[in-house]
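Protein chains: 2
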Amino acid sequence: MNSYHMTPGQFREQGKKLIDWIADYYEEIEKYPVLSQIRPGDVFNKLPAKAPAEGESFDTMLTDVEQIIMPGITHWQHPGFFAYFPSNTSFPSILGDLLSSGLGVQGMIWATSPAATELETRVLDWLADMMALPADFRSAGKGGGVIQDTASSSALTAMVAAREKATFFVSNRKGVQGKLTAYVSSQTHSSLEKAAKIAGIGYENLRVVAVNENFAMDPEDLRRQISADRQSGNIPFFVCGTIGTTSSNAMDPLRKIGEICRHEDLWFHVDGAMSGTALVCPEFRYLADGMELADSFCFNPHKWMFTNFDCDCFWVADRKHLIHTFSILPEYLRNQATESGAVIDYRDWHIQLGRRFRSLKLWFVIRHYGSEGLRHHIRQHVAMAHEFAQWVQSRGEFELIMPPPLNLVCFRYRGSDEHNMQIMDNINQAGECYFTHTKLDGRIVLRLSVAQTGTESRHVDKLKKLLLAEIEKIRN
Amino acid sequence: MNSYHMTPGQFREQGKKLIDWIADYYEEIEKYPVLSQIRPGDVFNKLPAKAPAEGESFDTMLTDVEQIIMPGITHWQHPGFFAYFPSNTSFPSILGDLLSSGLGVQGMIWATSPAATELETRVLDWLADMMALPADFRSAGKGGGVIQDTASSSALTAMVAAREKATFFVSNRKGVQGKLTAYVSSQTHSSLEKAAKIAGIGYENLRVVAVNENFAMDPEDLRRQISADRQSGNIPFFVCGTIGTTSSNAMDPLRKIGEICRHEDLWFHVDGAMSGTALVCPEFRYLADGMELADSFCFNPHKWMFTNFDCDCFWVADRKHLIHTFSILPEYLRNQATESGAVIDYRDWHIQLGRRFRSLKLWFVIRHYGSEGLRHHIRQHVAMAHEFAQWVQSRGEFELIMPPPLNLVCFRYRGSDEHNMQIMDNINQAGECYFTHTKLDGRIVLRLSVAQTGTESRHVDKLKKLLLAEIEKIRN
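Same order as they appear, the protein sequences are chains A and B. Residue numbers for the first sequence follow the numbering used here, so the first one is 1 and each next one is one higher. Residue numbers for the second sequence follow the numbering used here, so the first one is 1 and each next one is one higher.
Next up, chain A with everything else stripped away, as it sits in the complex (with noise of 0.2 Å):
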């Protein structure tokens, strides 16, 4: 039969070119611009309105990469990265990622590819294990982990399950017939309000706790507003403590919050997303202190641990709430496997059905650092945030808005909003460094994320020289 696919001889020839590529990519990084430097439409313009009718060859796609997309590239992972979160990525991760498109097989249930499953499983019990998890959090216990896209989509499967738990199931029924209340505190990621929209709880019906001076839960605040909940009839049943807020990496106290949440019969969450991370280290455990009065805990691999996106881990305390909420079983997918009750079906654990053999990348990133590897890095990202925060304390010019918990450092120019984003915009705009900015208290501050596979000391050196280069120029 006549066949446009491309040969397995031409996928060998054009693969091997594509690795170079990338491994080129990775030893110029520094050449480019991190923040891309094109305006609206720039990229959009010069693709042909049309798609080509016959097929063109990957070489002419591939310089359409260099020249048309390139430019429009912010390289997140240029070493001089420190803007927002990170989402850094290692060779290990885009090999594991690689061979994960190239089995192309779906994980939705066990017997779809049971290896996707039972990988996903075990790598989910060693990071447990790494990050001294409750023992309920292994799949040994009563819950279990599992690779969720994103740590927006972990905040949505958990506030649903809530949601049943505290209605008995019934909102999954009959819908959801208001009165029911969540708590977050100002600083907690956008996600969850998008979640308490999403799953029909209203953003009215997210109430926001107050933060202390450290912009963490105030957990008097929490109980007091649970309680005026209860008392105007409405039904708590739900509340986000992070660990690493991402404004500021404010750390709520978890066993605080979590007593509370006992206490009220509240599902917990915590949120750990970037700075979950740091758990791997046992110097940072304290921070997830009271984590056995959690019913839920995420962190991302694609933020801080060197595995490209996605890849957010999710872990429940008890896996049967997520599977009274999500199970559905059309006739099409039944099999033996999942009738006889060994096995885990990870369609039940999360929104999606399909999913990507996405344990791959997270076991060869773990295997090829090694539990070791993987805190030798994490410790250095957090050392070169605290020099940096050193830095600005020693320096009359600036201002360090609290000391840095661990790799984000928020500062600010002891100088008017304006002059910040100015000093922000010209150093991003050169080029070298690429950092963004936040509100704490109403006034802009400056945002360090050191968190990238290839930064070194020199790269936040370089920041430091811009830094005092522009206050020079606003001072002149």
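Treat the hints as calculated values from the structure; they're not laboratory data. Among the hints, a few may not be true.
Identical copies look the same in the list; a pair holds intra-copy or inter-copy alike.
Calculated lysine-lysine pairs in the BS3-like style (CA-CA distance at most 27 Å, straight line) [unchecked claim]: (1) K142 with K50; (2) K473 with K439; (3) K142 with K320; (4) K439 with K464; (5) K142 with K46; (6) K31 with K46; (7) K179 with K165; (8) K473 with K462.
Once you have looked at the hints, place chain B on chain A.
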């Protein structure tokens, strides 16, 4: 600084080895049994209970892939894979996905990597053109397209946007207050029921509309049920029609359903997860007659368009409903491009915040094959399915349940349900082919889904021989 990272040199070496490994896999794929033959726990128990403390070599990992993982793989890319719906892929797609892993960028908003947004917009416009979708679905119109992970997520996105439109955004604010009713047929994909649960609608408020003898939705029953709901004080808000249901590839009458939706002011979502691909061919576009009445449509290039999972294309006729429903703008994501209104921020078009650069693989696939190459292979799959259906009809042992509109054939042996299951299980366990069953009108029906990238007539012919041999066994 001491480093545990894999070097670019090591990546070149191991990456090329892995490219060869994948090429070998496809060249030798027919040596594997399609359906994995392991028992629950076989993979899990071969993996160490704890992560290694020290790093391991890539060669060790690849050996474990071969010895531990491969026996637990069900080979979705095997040309004898006729099960479920396909999840086909191709070498250009694997390369596009590798490039995406290698660049490791985040496309959550335009500013975080403009090319990721703009390529996606362009490629979805290409597809809208290739499939003759309505003008409103193009980015130049009021709507536009976005890549989601799965059709499940698209269904949830559409249902929540519909819910907000119907409640004038009150449900996002105050939560769902009951009374909302949605409509599907008994053949609609289970993800719609899951979406109704997650979105706080409740599965009792998901009305199941009757189907005709070809399992297509009966528009008169839809009209009756909407009317009955209005009389009961309910608020009908959403209908899902399907191009090619999962069980039997039934085609809902989109125009009639769409006219009812317009008249009743309900959101009309069209799910073409697998069969939508056929719209690339002009001769199959009659299946989409009435699409201009739809508010949203999705299909999965990761099913039947040689693009590896995950890649679901989702279009809306009016993007403002998505943005009003899902938009969230925390300070730390504020930027000039977003505030100018001149760019698309895709985070507001779906559930998640973070997003992978998935348009690369789709771009590579479309450019490698060209629209004519894609048409050629889609037509080949349909032709093979039709040839098989004719064979079924020509044999007295079998019953063809209905003429296949595209590439899915539903048939049964003229014997008991147990006989049919036994035939299927025996063939699947032997390993040369893998196909699955469903239940239609209370009877077990066998399904042949012809859509694997490498499937040729000889693979379908092999299945014919195996079927006859099993029947021979039953008769003796």
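Verification of the supplied hints:
In this assembly of identical chains, the alpha carbons of K142 and K50 lie at most 27 Å apart only when taken from different copies (19 Å versus 53 Å within one copy). Taking the closest pair of Cα atoms, K473 and K439 come within 27 Å of each other only inside a single copy of the chain (24 Å); across copies the shortest separation is 74 Å, beyond that limit. Taking the shortest Cα distances, K142 and K320 sit within 27 Å of each other inside one copy (8 Å), while across copies they are farther apart (43 Å). Proximity of K439 and K464 under a CA criterion of 27 Å is satisfied intra-copy only: 21 Å inside one chain copy versus 67 Å between copies.
Taking CA atoms no more than 27 Å apart as the test, K142 paired with K46 passes between copies only; the shortest distance there is 22 Å, against 54 Å inside one copy. In this assembly of identical chains, K31 and K46 lie within 27 Å of each other by CA distance solely inside one copy; the values are 23 Å within and 45 Å between copies. In this assembly of identical chains, K179 and K165 lie within 27 Å of each other by CA distance both inside one copy and across copies; the values are 15 Å within and 22 Å between. Within a single copy, K473 and K462 get their C-alpha atoms as close as 17 Å, which meets the 27 Å cut-off; across copies the closest is 77 Å, which misses it.
Taken one by one, the earlier hints all hold for this structure without exception.
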